[in-house]
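Could you slot chains B, C and D onto chain A? The hints should help.
Chains as they are written, first to last, in our numbering: chain A, 10 to 238; chain B, 10 to 238; chain C, 10 to 238; chain D, 10 to 238.
Treat the hints loosely; a few may be bogus.
Just so you know, same-sequence chains aren't split out, so a pair can sit in one copy or run between any two.
Keeping only pairs whose Cα atoms sit at most 25 Å apart, straight-line, the calculated PhoX-like set for lysine-lysine is [to be verified]:
#1 Lys204 with Lys60
#2 Lys52 with Lys233
#3 Lys50 with Lys60
#4 Lys204 with Lys62
#5 Lys50 with Lys30
#6 Lys52 with Lys204
#7 Lys228 with Lys30
#8 Lys50 with Lys204
#9 Lys204 with Lys228
Rather than coming from a laboratory, the hints here were simulated on the basis of the structure.
Number of protein chains: 4
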Amino acid sequence: MIIDNAQGAMTSTSKVDSFPKELLDGYRSFIGGKYREESSKLKELADKGQKPKTMIIACCDSRAAPEMIFDAHPGELFVVRNVANLVPEFAPDGRHHSTSAAIEFAVNGLGVSNIVVMGHGRCGGIKAALSGGDIKLDEGDFIGKWMSQLGPVAEQVASAGMMTEAERQTALERVSVRQSVQHLRSFPYVQEQEKQGNLSLHGAWFDISTAELWLMDNKSGDFKRPEDV
Amino acid sequence: MIIDNAQGAMTSTSKVDSFPKELLDGYRSFIGGKYREESSKLKELADKGQKPKTMIIACCDSRAAPEMIFDAHPGELFVVRNVANLVPEFAPDGRHHSTSAAIEFAVNGLGVSNIVVMGHGRCGGIKAALSGGDIKLDEGDFIGKWMSQLGPVAEQVASAGMMTEAERQTALERVSVRQSVQHLRSFPYVQEQEKQGNLSLHGAWFDISTAELWLMDNKSGDFKRPEDV
Amino acid sequence: MIIDNAQGAMTSTSKVDSFPKELLDGYRSFIGGKYREESSKLKELADKGQKPKTMIIACCDSRAAPEMIFDAHPGELFVVRNVANLVPEFAPDGRHHSTSAAIEFAVNGLGVSNIVVMGHGRCGGIKAALSGGDIKLDEGDFIGKWMSQLGPVAEQVASAGMMTEAERQTALERVSVRQSVQHLRSFPYVQEQEKQGNLSLHGAWFDISTAELWLMDNKSGDFKRPEDV
Amino acid sequence: MIIDNAQGAMTSTSKVDSFPKELLDGYRSFIGGKYREESSKLKELADKGQKPKTMIIACCDSRAAPEMIFDAHPGELFVVRNVANLVPEFAPDGRHHSTSAAIEFAVNGLGVSNIVVMGHGRCGGIKAALSGGDIKLDEGDFIGKWMSQLGPVAEQVASAGMMTEAERQTALERVSVRQSVQHLRSFPYVQEQEKQGNLSLHGAWFDISTAELWLMDNKSGDFKRPEDV
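Next comes chain A alone, as it looks inside the complex:
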């Protein structure tokens, strides 16, 4: 318990406990480079507080950082990242819910105008849900439980044997984004703000191989290239 012995508790048993050199090099590169352009913006944002217009719910995947894809500047994107960019259904059961807390914060605290659920290709979480990939799914595991939120659709897609593995993967990645956008609407304040015209919900899908961005058509649910929406 940190309260009793902050010092003792910190003793690391790891043999490799120096801070990753790549990160320090990257930090120095940031300070010597981009920070020069952004320093006054950061100072202003620190003084006045953040007021991002957009929340993005994206995947933890190392190849799909929203800030890179949207060339975003500090203060622009409020970003949740979880495995497979899932939005759970509204379920106020007195337990802690990471993503739901972030949605509540973004809508009620910051008053964002947009929420974008952004899926991506070759998603490890989705791959696991289709029973394959880096990790086995087990209801007793956190990942198994987490991905089980996709519900019966994952199973349906998994058993769609007439589709190739890659097709099933992309299909579930996109189905999942649609489901998450629906789940967003299960939050009363999201629904209310959307009704008031203050909040807009969006789906997107990023192809990490070609860097193609696909946007979900709010009418049909189809994913289209930006120029076709």
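Frame of chain A, contents of chains B, C and D only:
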């Protein structure tokens, strides 16, 4: 159910439902700029799969994107972002846990070598936990419940009236990182990998105003500038 | 009684009673060096009397001499130095009070325009108040009694177990400066001169490791780098 | 009470509350100048702790900084400064005593090898004790009470009408140093360490006009130039 009526369910009632122009502009800027440098890297990462060495648990805050701070390239950082960068204690209760699922994925699925918990200054979640800021805390709310994971330490810091508001805020931001690093060790596979010398745990704190990076000393728990660690 | 037997009383029993060589060397260095620049200034100050604009209340610590930190010249700073740079509350009880006498002298005798309470990092007195360091605290000792002037705040900070030892130390060093500035205002003439706009009170904190100077913001009580005040 | 409202309590009513420009200029001069020479020394002293060999008890006077006179470097001198560099007699009465606390800290905590009581010419406190100067003495005042520690010797010197005012002033400045050295020996641990040969007590007197340093001869109590001791 999305399977039954994919089209109907997508019908948006929002008056402002076109994809945010800033994001599209940013995407075009990415394609015309950084993507040129990163395209072969992205292609390779798509083909071979991600193999990030480092997981970062950071805040949703729009001013503290890890990729910016560490000038990271695609494939380098597996990133969880939740409100106030909290790591819950290991609690396999058969319910879904967003952050725990991501930790399991990073350690068991990807075999990362480092996990960095990165706090930052002027954190809205921490401010809420100290009863102030953009949003009111209520145990019945998601944010109230989420921040209650800080436990009694938040109350202790909140009542340290002899410290200024800003000092209490920074204190809790750092206490919280230390607690999260401890919580990481409550995951059996984290503990095991750390013992084996395969995994290293780190704390960091970013000052969004000055862009100063502070690293947690693994022995004392103190936060120091990189040159002093 | 010195008047009766000046000679006998002076007899030292010490085996090492020659004046410290380092001091004599330092004095010769002063005469051969800085004194050349300052001699006319010193002569003038001797003839006209001192008229310092600023009083500094600093610690006895050998690493935090105000004249060094502020590169001060003779005649500029009226300096009190006691353990942990404490200002007691105004308490005219007919007993002698070293620091209070100096404050009275500075304000009523010299008419200073500024009083600066200057704390510093790794303060041995503060460390003792947090029950550690070079010397044990005991209410029966002079140091125990002296540091007990910090009152309940020391105990509060000392018991903030979720903060590291170094964090508690810095917190109390700064809390202590704020309290001393408040105590200054308990002196009627300090209060009066401040009200009249003739006297300004300040807090500062010096990091003896990095030589960073932090100034107390008079509105919030926060400590900030000079460029941010 | 700072515990209740750290923020409110800090609100200054002063019209002149910006930090003194001279000090900031001086600090910058220090950082750009002497700090370059001393930075590694300061860092080392911060890491290892101070270990000064000498304690100096000097006056608050702006013209008599011990660090200037002895061209001292960080870490060399543990410095108490009070009005007229007085050492009270050992009097453990359960009240707080600034100078006694510092002596206890220096001898028992730091184990200094030397204590130097350093008087100086044109001392305002001594002048006040001889009923003149910048401030009137009144037993009810802090200064009156503080200077009354000189006891009957001040009155005797004051009434020595055959001496000029300047002679009486110098006489009392030196008598006072002798008395303070005697008072030092009333502290049991000072006496003990001196007997053991671990601690040496010294008197000195600095002429602020000519920068002449005079040392007290430990045998006779006379003040002599360094070359004559």
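Do the hints match the structure? See the list:
1. Lys204 with Lys60: within (22 Å within a copy, 40 Å between copies)
2. Lys52 with Lys233: between (38 Å within a copy, 14 Å between copies)
3. Lys50 with Lys60: The answer is within: 12 Å in one copy meets 25 Å, while 33 Å across copies does not.
4. Lys204 with Lys62: The answer is within: 17 Å in one copy meets 25 Å, while 43 Å across copies does not.
5. Lys50 with Lys30: Answer is between; shortest inter-copy Cα gap is 21 Å, intra-copy 27 Å.
6. Lys52 with Lys204: So Lys52 and Lys204 fail the 25 Å test inside a copy (35 Å) and across (34 Å) alike.
7. Lys228 with Lys30: Between copies, since 18 Å is at most 25 Å while 48 Å is not.
8. Lys50 with Lys204: neither (33 Å within a copy, 38 Å between copies)
9. Lys204 with Lys228: Result: close within a single copy only, 16 Å intra versus 43 Å inter.
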